[in-house]
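**Q** Spelled out, the chains give:
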Amino acid sequence: MMPNAPAALIAADWWALGAVIALSAGTMLILLLELFPARPGSSRGAIVALLTLAASAWSVFRVRDVRRPLFEGMFVHDTFTVFFTLLFCAVGAIAVLQSWDYVRRTRINHGEYYALLLAATLGMILMAASNDLITVFLGLELMSLALYILVGFRRGRLDSSEAALKYFLLGAFASGFLLYGIALLYGATGTTNLGRMAIFLSDSPMLGNPMLLIGALLVIAGFGFKVAAVPFHMWTPDAYEGAPTTVTGFMSAGAKAAGFAALLRVLLIALPGLAHDWRPVLSWIAILTMTVGNVTALLQTNLKRMLAYSSIAHAGYLLVAVVAGGTEGGAAALFYLAVYSLMNLGAFGVLALLGREQEERVTLADLAGLSTRQPLLALAMTIFMLSLGGIPPTAGFMGKVYVFGTAVNAGLIPLVIVGVLNSVVSVFYYLRVTVAMYMREPQGEPVEVAWAAPAVLAILATLGLTLWFGVQAHDLLVQAQRSIMGLL
Amino acid sequence: MNGFPWLSWLIFFPLLSAALIAMLPKASGRTIRWLATAAALAEMAFSLPLWWRYQPGQPGWQFAEQMAWIPSLGATYHVGVDGVSVLLALLTTVLTPIVVISAWSAVEKREREFYAMLLALEAGMLGTFFALDLLLFYVFWEAMLIPMYLLIGVWGGPRRVYAAIKFFLYTMAGSVLMLVAILWLYFHNQAVTGVPTFALDAFYALPLAAAEQTWLFLAFALAFAIKVPMFPLHTWLPDAHVEAPTAGSVILAAVLLKMGTFGYVRFAMPLFPSASAQFTPWIVALALVGILYGALVAMVQPDLKKLVAYSSVSHLGFCMLGLYALNPQGMAGGMMTMLNHGVSTGALFLLVGVIYERRHTRMIADFGGLWKPAPVYATVFLIVTLSSIGLPGTNGFVGEFLVLLGAFRTNPGWAIIAAVGVILSALYMLWMYQRMFFGPVTHPENEQVRDLTTRERLVFAPLLLLIFWMGVYPQPILDRTQPTLDRTLALVKARVEMAPVALDANARPPAPAGGRP
Amino acid sequence: MTPALFIGFAAMLVACSLMVILHRNPVTSALFLVLAFCSLAGVYLLLHAEFVAMVQIIVYAGAIMVLFLFVIMYLNLRRDLESGVHIAVRRGVGWLLGALLLAEAWVLFGHRWAQGPLASDPSLAGPVGNTQAIGQALYTRYLFPFEITSMLLLVAMVGAVVIAKGRGPHATRRGETPQPKEPA
Amino acid sequence: MIPLSWMLALSAVVFVIGVIGVLVRRNALIIFMSIELMLNAANLAFVAFARSLGSLDGQIFVFFVMTVAAAEVAVGLAIIVNVFRLKETVYVDEINLLKG
Amino acid sequence: MSGSMLWIIPGLPLAAVALNLVLGDRLGKRGTAWLACGAVGAAFVMALRAVLTLAALPPEQRAITETVYTWMRVGDFSANVAFLLDPLSSVMVLVVTGVGFLIHVYSVGYMSHDPSFRRFFLYLNLFMFAMLTLVLADNFLLMFVGWEGVGLSSYLLIGFWYTKPSAAEAGKKAFIVNRIGDFGFLLGMLTLFAWGGSLEFERLFAVAPHVFAVGSVAITFATLALFLGATGKSAQIPLYTWLPDAMEGPTPVSALIHAATMVTAGVYMVARCHVLFQLAPISLETVAIVGAATALFAATIGMAQNDIKRVLAYSTVSQLGYMFFACGVGAFTAGIFHLMTHAFFKALLFLGAGSVIHALSDEQDLTRMGGLASKLPWTHRVMLVGTIAIAGLPPLAGFFSKDEILGAAFATGHYGVWVAGLLGAALTAFYMTRLYVLCFRGESRLTHEAEHHLHESPPVMIAPLVVLAVLSIVGGWVGLPFQEGGHAFARWLEPVFAAPGAEGGAHGAGAHAVPHLSAGAEWGLILLSVAVAVAGIVAAFRVYGRAPIATRGEPLAERMPGVHRALAHKYWVDELYDAIIVRPIHALSQRLWRFWDEKVVDGAVNGIAHLFEGFSAISRLFQTGFVGTYALFLTLGVAALLAHFLRP
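Protein chains in written order, with the working numbering: chain A, 632 to 1119; chain B, 76 to 592; chain C, 25 to 208; chain D, 229 to 328; chain E, 27 to 674.
So here's chain A without its partners, still in its complex pose:
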């Protein structure tokens, strides 16, 4: 086939590409600014990053309703993309706000930090927006590389570097599988474009083609690694624990969301035909993921690690929604992703505030008696924990209701029962945090709180939204439904 000339871009397309362009430009700008020495405490990187994120969000939001497949579907602008672009921009912005003071405190206040943050965001957006395995792969790699570095950003610290090493080695290993899977899919269908793949599969008699199946499985495994699904989850606790707290928050929310975005695109656009093949597989993975995540979290004393396992468990809940499939399942997944990102970022935001200078105070013991000295911070943390545990009136509850509801509707009762029982188990360790804060007296010198306006702003934002979506979830629900509609 002869390469045909690309269709010219109309104005809307430029707005649609605005995020990509802005983020790339922002990254480079920050790097360029690094050439000019700044005073140690400067936060120009943060400012530029914030502006970039705002700009990209705004430009995409302007054309939120148009649907444009660009570059032959290598970048598709639809409601789905818009939803995730906005989500990622929000996540990025919150992460920037949290980092603002944290990076100063921990002496990693280089412009590169923010540059990489933006690059990672760009990668996420690509994963969500691309309708072609090539760009999915590139976006994934872009995000991953940036994250590898961010995880190891406190290079003076062994735990940070070790985390980076593990994350990198396993990440590369996993992307090897992913790549091979893509290769097989390509071989089986003759294309890497999801849309064409679907078309091909829709009228091809041999869905049972082993290459197809293996390819699909390897791809699932590859994304499973990114979203930290059992048994591809084992990097998560170590990476989360070693990474700078703000980075942990960012990746726990963003990377997972991006992974699910890509997974949804692949499964719902390209491979709906194989549904009866990947449904059971995913159900088992979901059950394993929920159970292993929650059970392993029970005994954790380091909050970052505990939240890592909890994020694994939440991946499990999300997989339930994916298994439920269809618009409902997709919408539920989107809704839950948004909610999850908010509350998780919030929790990490609180953790990022704890401790003086370089020190990290993120164990249960460190939180002891927090409620007496910092009642409001403790209250915020409590609400995030309850939300993660799915207790009303918080967003987490609504998310669970919606996810499990769609699953019930899809007739996945056993899966749902496992899920709700898991959420009971999870409540145990979330409560342990409140126990520490409210019912224990601190041993040793009590933890200090490094108050900083931006971080507080971030916490307030996440807190407000967590509560608001818990009380009034309607708007977000509608958005999620509209977004998934754009996909199908």
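In short, the hints are calculated from the structure, not lab data.
Honestly, I wouldn't trust all of these hints.
What the hints assert, rightly or not - The calculated DMTMM-like cross-link candidates involving lysine to aspartate or glutamate, where the alpha carbons are at most 25 Å apart (straight line), are:
hint : chain 1 : residue 1 : chain 2 : residue 2
1    : C       : K189      : A       : E990
2    : D       : K327      : A       : D908
3    : B       : K101      : A       : E1079
4    : E       : K190      : B       : E522
5    : B       : K568      : E       : E482
6    : E       : K625      : B       : D378
7    : E       : K401      : E       : E482
8    : C       : K189      : A       : E988
9    : C       : K189      : D       : E322
10   : D       : K315      : A       : D790
11   : B       : K447      : E       : D388
12   : E       : K190      : B       : E520
13   : B       : K447      : E       : E195
14   : D       : K315      : A       : E1079
15   : B       : K184      : A       : D790
16   : E       : K190      : E       : D333
17   : D       : K327      : A       : D790
18   : E       : K190      : B       : D441
19   : B       : K184      : A       : E1076
20   : B       : K447      : E       : E228
21   : E       : K190      : B       : D526
Given the coordinates of chain A, work out where chains B, C, D and E should sit on it, guided by the hints.
**A** Below, chains B, C, D and E without anything else, positioned relative to chain A:
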């Protein structure tokens, strides 16, 4: 009937005042106490219309309010009361101020949070009673756990953390399955009627196959049975009661446990009539076991609070028995027993709290001969004790008798077994009373025990009043519950034919007085 | 004669790959990897993918492996001393697992093999792999991903610098000692 | 003419060898090399498919993969070097500060 | 008919209670005394007035019902707070208020030195309220209120001196045993309602013959259950054990509650339900047999007690037995008759004993008394009257009633019961004489300081004694035998006991159930019973009259030690109950709590928690921190996924 949204106001006023108190800048304990008391009393005042303006005659929802909540799910903010919930709500609003006042001297640390929690808890409980939308109901039902959890965990006794977490997890473990059932109902209803809604009325009208009912019923019943608590799901109760601060124990016993029985009346029975009919023998069996078991175990408790806790197990067994007698007397009796238990056991916990404040022990063995130093206290305690063992003339009797009457008409055997519980209750209560108040003063510390203070007398006066009023002239209460219970009964009976029930256990010659309806 | 060539390259590829993972000395391993890449390039040629073959040689064998060797030298790693029970166990498990994977692949592909687009006789495929076509495609259809790769490389560059640059102003004289980890 | 199956078999074998390498070696660098082997196996598959499909996309993909690989190597080696600086080792089973 | 204002009769004592509570110590001893006695006295007057109104009516309509308000109404069930005055309840209400009043007056003197004088009268009035509610109730439920109310007040009064552990224990025992009885009462009520559809006496008795087949299971169960209640309240086998212990209470209490009024409630209830009992022959038989057995059994125990009050207590149990077997043989009139006379003389005896104890500064042991006749002349005289009266010598009250009962037993052919009754009569005469002799005859065996304080009781105590003595003498004359159509008392009660029987048909119930004997036979019986009584008295004199016990111990113990030990230990019944009921229940409860509840049930709950922690610990082991392990699991996962498709 009246424009003003009483119920919403009742739900949100305590919430607001809780927020206010919590946000209060470092204020002295005095001001906080007074504020909390004022709020609670105001709340009680606001709740009075529920008594006056309620039309006893009609069974349907009253004071109903409805507005959109989550249109995309069809969930609405729909509240209202019927004869059952209105009384439980009043019980709540009446007890809260009492509890607040009683806590004045009991709570030293972090008073702001304490009173805020109490008021928030009140809001949660009222919401649970008022909600007519299952999602809304569930939200309140779960949200309620948080303040209670903190009350136990922060202001509780030595093993408070264990007790608090146990309470939370145990209750939640039961409720999540109910959530699944609710969701299933929701989608089933949507499939049948095409209307997405969580409205209770819609589900009442929803026809369900027997098999479906069985599972749904089990899910609901488990949640409520844990809350009641029914044997053998009761073990969270003693721990929670023993560790909770007095105020917590009172609310827990007086209102939270009623959530379970209320759930049966409001949801489990009318929603899944044939299933509940089918499971009647099991539930009654558990109720009977609970009655005897609770009584027997209570008898040997060395700790006052534990004793009262186990007696609760026994009393709530009576409630369940009455409800599942599935006839007017039984259900009315169950309802009365709920209220009685609320008043009497609440008072008992308050009394235990009083003596605990003075002596910092709850061990019966540490007391004895208390009548001499504290005659008033002893008298109040005696009256409450008598009401809790169901002496005629006190509230306890009315409930117990009606329960037994109803049970007997359904199946005499049940009533006979349950009546044994009546003997046992006298046994353990009076034994406890004797060991505490009679005989010589064995411990010198008890010589100087202070008698009830004026504040405490004010706390107990209304309770004693209720005890006698409900015992001597319960008709107004019965008149209010009657139509609602009849409707529930009708809903249950409507499709009971689908499954055999023990209703006709005693085939008796037609009584001239007409017998059962 | 192509099959003969193929078999030759394939055998060499497999052998070298095995040596990579078998040989004790990292340097040797690295060199074997270079060989492997070269033989792979040979296979590419057999598949009429000249451009890819060239790039394979230049980028992989040329750039990447040099980097590897450089690092190995820089860290002057002497030969691995891999022994001990758990190593052995891990070896066994590793190999078994590998075998398992192969077996599974074999079983899966064993039956109903050639299907879908692959049914078309490869020999009929038009002459692909001329560099010009690839170039055109890259700058037209694949323009977008191509641009993305630029970001990718930028990030990699920056990252490498950030992580590996000599003790920077901030990184130095700070507690190298790893934070004592809380007992889990 | 070489049947596609041979090619795929070859790529599968190389891929698995890479996997095994990752599993059995403890030297981070060698593990990394094994990963490179896996990527190359994938590339082989791509090219083979491209050949049999008579389409360019496969080879293009390979081109991108190589770019990615290069980037990965840069970052990866940097990380490894950094770890070596701190811990004086590249043996992954001497690096388990984070666990449990 | 509300003109009679029945509600005020129980209302007055209740008002007194309220006032007493409200005013508290502000009204001193004197005020308290006036309040309490005044209230009861007024109640007596009101009762008298009401009874006169009743008497004015023609016999057929002698029933005044008065509904105060609806207590509870649920579905087809409804119970009112309503009072009923008919000849039966009129007898009771007069006895209760009358005797009660006297005892109140007496107590003023008796308790004058007690610090908690006020509390005492508080309880006493509370009791009067409950008792009057019991006798005036027009339905079972209200009766049950009184029924448990008297139980409560007796609990309080027995445990009046609460610092004495024995007193508190006795109080509890009384309440619990009564509760067991109430259990029966409750079941009886439930059964009656389930079948009869109402708890109102009139309606229920009206429908009873129609809904219950004679001797049907339902009615038999109901009546037996009710009778269980009666045995509890009236201290019959098997539930009599609480009464002797109840003597821990102040003596007036024993007189009022445990002799004259409360304990007769059971008899009253049975009589009240005679319609039902007549529908259940088996139950009637049971009543008769249990009554007779108790009469004899208690009498024997009475012979060997040394505590003056315990002797009287057992005699009470025994006398109640007589009343029951009167009812059992269908002679309800006789039962009520004996109830009344017994109220007189037993109250007299108790109060007399009280006066003795009072005089001896709380000495109750007969072996440390003697020769008091001269020191306490009035007390001695009235006690003598009482003794004769209970021993059953004409023309004192006890004679007529007891004789009528025995006659009825004989006439209805219950010969076994009759013999037992006769024997019991002899024993009664014996132990009462023993008591009299040991107390008043012979030489003094008092301790010195007792001698020193010895004094006759004040007039406020003597006066009631005298009144009661007179009543014990003349009280029986309302029931002189040999009159056509029954004696005055019987005629008075006739509307109650005859009316339903007339229509009830089945059993030709009512007082007429007792066939009339020939005059000769009746004379014979009279002579026999008198002879028996005399024999008992003589025997007692022969045994105890002669030598002082101080020198040579209890004669009975010497003659037949085995028997004596058995009697002195009350046949070890308490020990038996303790062994087969109390202890097992306690052990069971302990086991339930310690093992079942804590280990099994709660163990399961915590077990689950620990199980999960175990899982957690295990799954953490996999998180080794080695990249190798992680990669391994990752690959394993992939392998597993592939394996998933290996199935053909």
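**Q** All hints are to be evaluated individually against the structure, with a verdict given for each.
**A** Cross-check of the supplied hints:
As the CA atoms of C:K189 and A:E990 are separated by approximately 24 Å, the hinted pair is consistent with the 25 Å bound. The suggested pairing of D:K327 with A:D908 is violated, with an alpha-carbon distance near 35 Å, which exceeds 25 Å. For the given pair, B:K101 sits about 21 Å from A:E1079 by alpha-carbon distance, which is consistent with the 25 Å threshold. As the CA atoms of E:K190 and B:E522 are separated by approximately 17 Å, the hinted pair is consistent with the 25 Å bound.
Of the pairs offered as hints, the one joining B:K568 and E:E482 is violated, with about 74 Å between alpha carbons and a cut-off of 25 Å exceeded. Under the criterion of a C-alpha separation no larger than 25 Å, the hint pairing E:K625 with B:D378 is consistent with the structure, at around 18 Å. Only pairs whose Cα atoms come within 25 Å are accepted, and E:K401 paired with E:E482 is accepted, the gap being roughly 7 Å. With a CA separation close to 23 Å, the supplied pair C:K189 and A:E988 stays within the 25 Å bound.
For the proposed pair C:K189 and D:E322, the alpha carbon gap of about 24 Å is at most 25 Å, so the pair holds. For the hint pairing D:K315 with A:D790, the CA-to-CA distance comes to about 11 Å; that is within 25 Å, so the pair holds. Restraint check for B:K447 and E:D388: satisfied, since their Cα atoms lie roughly 23 Å apart, inside the 25 Å limit. For the hint pairing E:K190 with B:E520, the CA-to-CA distance comes to about 20 Å; that is within 25 Å, so the pair holds.
With a C-alpha separation of about 17 Å, the suggested pairing of B:K447 with E:E195 holds against the 25 Å cut-off. Between D:K315 and A:E1079 the CA atoms are separated by roughly 30 Å; this puts the pair beyond 25 Å, and the hint is violated. Annotation: proposed proximity of B:K184 to A:D790 is violated, straight-line Cα distance about 41 Å (limit 25 Å). Between the alpha carbons of E:K190 and E:D333 the distance comes to roughly 18 Å, so the proposed pair stays at or under 25 Å and holds.
Taken as a hint, the D:K327 and A:D790 pair is honoured in the structure, with Cα atoms around 11 Å apart against an allowance of 25 Å. Among the hinted pairs, E:K190 with B:D441 is consistent with the structure: their alpha-carbon atoms are about 18 Å apart, no more than 25 Å. About 22 Å separates the Cα atoms of B:K184 and A:E1076, which keeps this hinted pair within 25 Å; it holds. Of the supplied pair hints, the one linking B:K447 and E:E228 is violated, its CA atoms being roughly 47 Å apart against a limit of 25 Å.
In summary, the hint linking E:K190 to B:D526 is supported, as the alpha carbons are separated by about 22 Å, within the 25 Å threshold.
In this structure, the earlier hints numbered 2, 5, 14, 15, 20 are contradicted, and the remaining ones agree with it.
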